[in-house]
Amino acid sequence: MSHIVTVAAKATDPAALAAACDRLKLPPPQTETVTFFDRSVQSGLAVRPPGFVYPIVCDVETGDLYHDTYEGRWGDETFVGRLLQAYAVEVSKLQAKARGHRVAETALADGSVKLTVTAGAAGFGGTSQYLSAGEAA
Amino acid sequence: MSPRIEITVTPAGETSVETKGFAGPACRAASQPYEEALGAKTAETLTPEYHAAAPVAQTVEQRA
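For the record, the sequence lines run as chains Z and L.
If you use my numbering, the first sequence corresponds to residues -13 to 123, in order.
If you use my numbering, the second sequence corresponds to residues 30 to 93, in order.
No lab work stands behind these hints, which were simulated from the structure alone.
We put the CB at the ideal spot given by N, CA and C, even for glycine.
A couple of the hints might just be wrong.
Computed Cβ-Cβ distance ranges for the label pairs, DEER-style [what the hints assert, rightly or not]:
id: 1; chain 1: L; residue 1: 31; chain 2: Z; residue 2: 34; range: 36 to 44 Å
id: 2; chain 1: L; residue 1: 69; chain 2: Z; residue 2: 16; range: 21 to 29 Å
id: 3; chain 1: L; residue 1: 77; chain 2: Z; residue 2: 58; range: 23 to 31 Å
id: 4; chain 1: Z; residue 1: 9; chain 2: L; residue 2: 30; range: 40 to 48 Å
Same shape as in the complex, but just chain L:
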């Protein structure tokens, strides 16, 4: 799955921001500008992917 951010806004204006396809804390950096632009963070849930190691391909790229 390619990394993406999903922003869902209900008709009452309630907003959630979900990151998908990221491994590790990079998701936070990616979504932070959107969260800050939208308003005040009220809750955050970390999923198992958040704690996963970075993908092998990315690690190899960084070492090259």
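Excised from the complex, chain Z in its bound form:
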């Protein structure tokens, strides 16, 4: 290997978030303004997993996710991680597609997903055709 980078995923791409919802068999995210139990208000793309009292709201400007699961009583807290996992997978696949790279997806025993990206005809130096999140939708 050459280098290893850890990344804190930030959900800033609406197209990838929509693909993540599709991957998790959820309805597409909708633009909403949500008032949470503590009266805090968040606007963004709302994802409504089954069993959640309040949606998960994604601020695509910052990539932050807002939710209130009341320690699991109002929704499965682990689902937030699964949404972020699905987002990271889908945004990577969109990048690969835009750059003409090939992607192989492998499900690991611990629930992780591994993507192996190899270069297309243009190599790894190819220019992205991925203009922006909205335009890529």
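Knowing the structure of chain Z, use the given hints to seat chain L on it.
Here is chain L on its own, set in the frame of chain Z:
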């Protein structure tokens, strides 16, 4: 080994990006678009391959 990028995402959404089979700093340029698309870099480790010279075949090609 042909150059490749391996992206691993845990069920909690923790993400790592590893480059393999690259020699020298080309790996950074290759993985940077993925890192930027994913979010904010929190840590980076350079491996011995990073400091290796470019492969001979590639050097010859560039001079041709």
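Structure-based check of each hint:
{"no.": "1", "hint": "L:31 x Z:34: 36 to 44 Å", "in the structure": "42 Å, holds"}
{"no.": "2", "hint": "L:69 x Z:16: 21 to 29 Å", "in the structure": "26 Å, holds"}
{"no.": "3", "hint": "L:77 x Z:58: 23 to 31 Å", "in the structure": "44 Å, violated"}
{"no.": "4", "hint": "Z:9 x L:30: 40 to 48 Å", "in the structure": "30 Å, violated"}
Violation of the numbered hints given earlier is confined to hints 3 and 4; the remaining hints are satisfied by the structure.
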